[in-house]
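A.B. asks: Letter by letter, the chains look like this.
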Amino acid sequence: MPVDARPGDANTPRTPRVVVDEPTRVDRIFGVVTAGSGLLVLVLLTLVGVFLLLRSRDAFDESGFSFFTRVEWRTDVVPPEIGVLGLLAGTVVVALIAVALAVPLGTCAGLFITDYASGRWRSFLTGLVDLLAAVPSLLYGLWGLRLLSDQIAPLSEWLARNGSWFPPFRAEEGDSFTGSMLIAGMVVSLMVLPIIASVTREVFSQTPPGEKEAALALGSTRWGMIRMVVLPYGRGGIIGGSMLGLGRALGETIAVSLLLPQVPEVTSRILENGGATIAGFIALRAGSDEFTTSGLMAAGLVLFGITLATNMLASVIISRSRSGVGVEL
Amino acid sequence: MTAVSVPAVRQSRVRRRPSEATPADYGTMLGCALSALALTWLVFTRLTEGSGWFGFMVVAYFSFLLLYGLVTADRLGTLVAADRVVTVAVTTGAVVLLTPLVWLVGYVVVKGVAALRPGFFLEDQGGVQATAAATEGGGLHAIVGSLEQVALTLIMTVPLAVATAVFLNETRSWFRRPVRIFVDAMSGLPSIVAGLFIYAVFILPYAQQDIGILDFNGFMAALALTMIMLPTVTRTVEVVLRLVPGGLREASLALGSSRARSVWSVVLPTARTGVTTAVVLGIARAVGETAPLLFTAFGYDLLNTNPFRTQQESLPLFVYRNIQAASEPARARGFTGALVLLTLVLTLFGAARFIGRDRTGRQARRSRRLPLPETGAAPSPPSPAVAPPPRLPTAVAVRPGADRSSAGDREPPGAATTADPTSEEAPGP
Chain A
1 MPVDARPGDA
11 NTPRTPRVVV
21 DEPTRVDRIF
31 GVVTAGSGLL
41 VLVLLTLVGV
51 FLLLRSRDAF
61 DESGFSFFTR
71 VEWRTDVVPP
81 EIGVLGLLAG
91 TVVVALIAVA
101 LAVPLGTCAG
111 LFITDYASGR
121 WRSFLTGLVD
131 LLAAVPSLLY
141 GLWGLRLLSD
151 QIAPLSEWLA
161 RNGSWFPPFR
171 AEEGDSFTGS
181 MLIAGMVVSL
191 MVLPIIASVT
201 REVFSQTPPG
211 EKEAALALGS
221 TRWGMIRMVV
231 LPYGRGGIIG
241 GSMLGLGRAL
251 GETIAVSLLL
261 PQVPEVTSRI
271 LENGGATIAG
281 FIALRAGSDE
291 FTTSGLMAAG
301 LVLFGITLAT
311 NMLASVIISR
321 SRSGVGVEL
Chain B
1 MTAVSVPAVR
11 QSRVRRRPSE
21 ATPADYGTML
31 GCALSALALT
41 WLVFTRLTEG
51 SGWFGFMVVA
61 YFSFLLLYGL
71 VTADRLGTLV
81 AADRVVTVAV
91 TTGAVVLLTP
101 LVWLVGYVVV
111 KGVAALRPGF
121 FLEDQGGVQA
131 TAAATEGGGL
141 HAIVGSLEQV
151 ALTLIMTVPL
161 AVATAVFLNE
171 TRSWFRRPVR
181 IFVDAMSGLP
191 SIVAGLFIYA
201 VFILPYAQQD
211 IGILDFNGFM
221 AALALTMIML
231 PTVTRTVEVV
241 LRLVPGGLRE
251 ASLALGSSRA
261 RSVWSVVLPT
271 ARTGVTTAVV
281 LGIARAVGET
291 APLLFTAFGY
301 DLLNTNPFRT
311 QQESLPLFVY
321 RNIQAASEPA
331 RARGFTGALV
341 LLTLVLTLFG
351 AARFIGRDRT
361 GRQARRSRRL
371 PLPETGAAPS
381 PPSPAVAPPP
391 RLPTAVAVRP
401 GADRSSAGDR
411 EPPGAATTAD
421 PTSEEAPGP
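The listed protein sequences derive, respectively, from chains A and B.
Under our numbering, think of the first position of the first sequence as 1, with each following residue one higher.
Under our numbering, think of the first position of the second sequence as 1, with each following residue one higher.
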């Protein structure tokens, strides 16, 4: 192999042949095209931030730092008073309700698929999780608005009447119980559920069978096996999946814009009508005047920053955990 | 209790499986369910005023869990009780997954079918009064708009996504890590922000200038949808490419083909079905997106077949606006649109599952059709002395060739796919 085999060149000293990977022209084009499309994704995401910042300059010039501390959003007064705090509070509350409901359910669903269901049920439920993720958020919102709210409202009313010692359950006398953050959170939790279920399923399914069998052989019950082996192994996946779900819940738009009245406020009362989220508010104000639009851009920038941070943290947690190395989000 | 049952089992020599449920277990469960219902009924009708059926169900469920745990702990000990209660809870997780979907689909179908007429696919909303019956006019403009926007999105997304996935999986660039991180981050981009971005870049600065393409139109919607669809399709395609056996790539490169050629002629054809599935799933996702369209396509009541000029309707926008309307006929129209949208999404989802289904059956049939000499001849050139380990699986595949029905079933999936690219590779170099 190292011998230079050209005939008539016997006198030349034997030097080891240097293997060079000389790409052909096609290969070079191939490299440029693929790297370019990879670069495009990077550029696009950066541009999103840059352009939102550019277009929101008016709003930031007008409000300065109070944009982050003001609750109201009023463009009818002069000078206009706009702030993102009320929207942000609603966004976080709705997302937390959604995640608090979806994490136990999603983890249970993931466990059922990996450790309880048998062959056919397993593939059926895996497909079902994908299907749940494919149903448009618009349809969830429509269903929540026209059907579910009226079913949940009596429960909210009962909670408000009997549980008012607990601050979030307080409600004003005579207030409506539809269009509440609780209902919005419940509908959003249905949209987050498939994400959490699929991540936890993926993580649980990678539990080393040897460890599971060892636990069972030592005489543990199925729950004992899950508690001692499966859950510790999948802890990173559960946390990462929840963060990923939180990211989705924060950015959820259409269902929330249908369900909430979109009046910015900072409140802990999740049962009564009220609340707004950044995404839902932006959707509702589409096509407003120039200044409002720049305010919306600023709010969008805040949302963009939060979801980006949450999602990146989620990917880091999942990929750093023992179980999540090969997991596709 | 347990002490009594053990000798009984030993005497009768009945085989007992650890996971078996005895009639007594079912009895316990039923009894607990009944008493939970009774307890909840007591709480909700006698002690406090009612809370609707949903609250009733929730409270009944939790009191059932509690009672069941207590009774089982008394009968069989806390260890068994914890196991049983968790089994019930985990099963509930699966049921909760199923229930809302069935409920939602049922609701949309029931409400939507009432006003569904053939006219819905043939007319737009031109000249339809707000108070006109729900069956007047239709959603043709929305359907056409949706189809055009999604088609444009596809044209932009698929090449980009496949190229990015190839970049992530088939090249050795140091640059892959940041790109992967950004693709992950972009897939969590709120859809409304995508719409806002396109609006900020292309529409807002040119608002007064009346340039057809830089105004609210279907193409802008397609751009926003591309932002949503690109990362999801990229990641799914990347996963599919990772499943292509490395041996195929190496074989292609060893035969002297260039990198581009081996990706084009070996990797992509092998991953074809997976890529198709990813794309179809991406379409299903894009069809139902509403939020980015609010700032880009904007919606319109009449048929506009040109996606590059003026506002355009789409199905999600049509549903979104009508469902919020005060008038009953408009809402009914919205539900009809929702039904069409749901059908579209479910069909696409079904198509994706169908394309990406388990092909072992089909591969078995295909490998049966292969002429026997070809399978036998391929491994024969290398000397038998070196070959044995790699030849072993082939030998297994050839031997039952006489008994052909079992040949394909036992064949590993990789073996059958190998036949595909090599035959296409042959004319290449």
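Calculated from the structure, these hints are not laboratory results.
No residue lacks a Cβ here, since even glycine has one placed at the ideal position from N, Cα and C.
Don't take each hint at face value.
[Unchecked claim] The following residues of chain A were derived to be distant from chain B, with all beta-carbon distances above 12 Å: (1) Phe51; (2) Gly64; (3) Glu211.
[Said to hold, decoys possible] One side of the interface only, derived from the structure: several residues of chain A facing chain B at Cβ under 8 Å: (4) Leu45; (5) Leu132; (6) Tyr140; (7) Ser164.
A.B. asks: Check the structure against each numbered hint from earlier and tell me which ones fail, lowest number first.
C.D. replies: 1, 7
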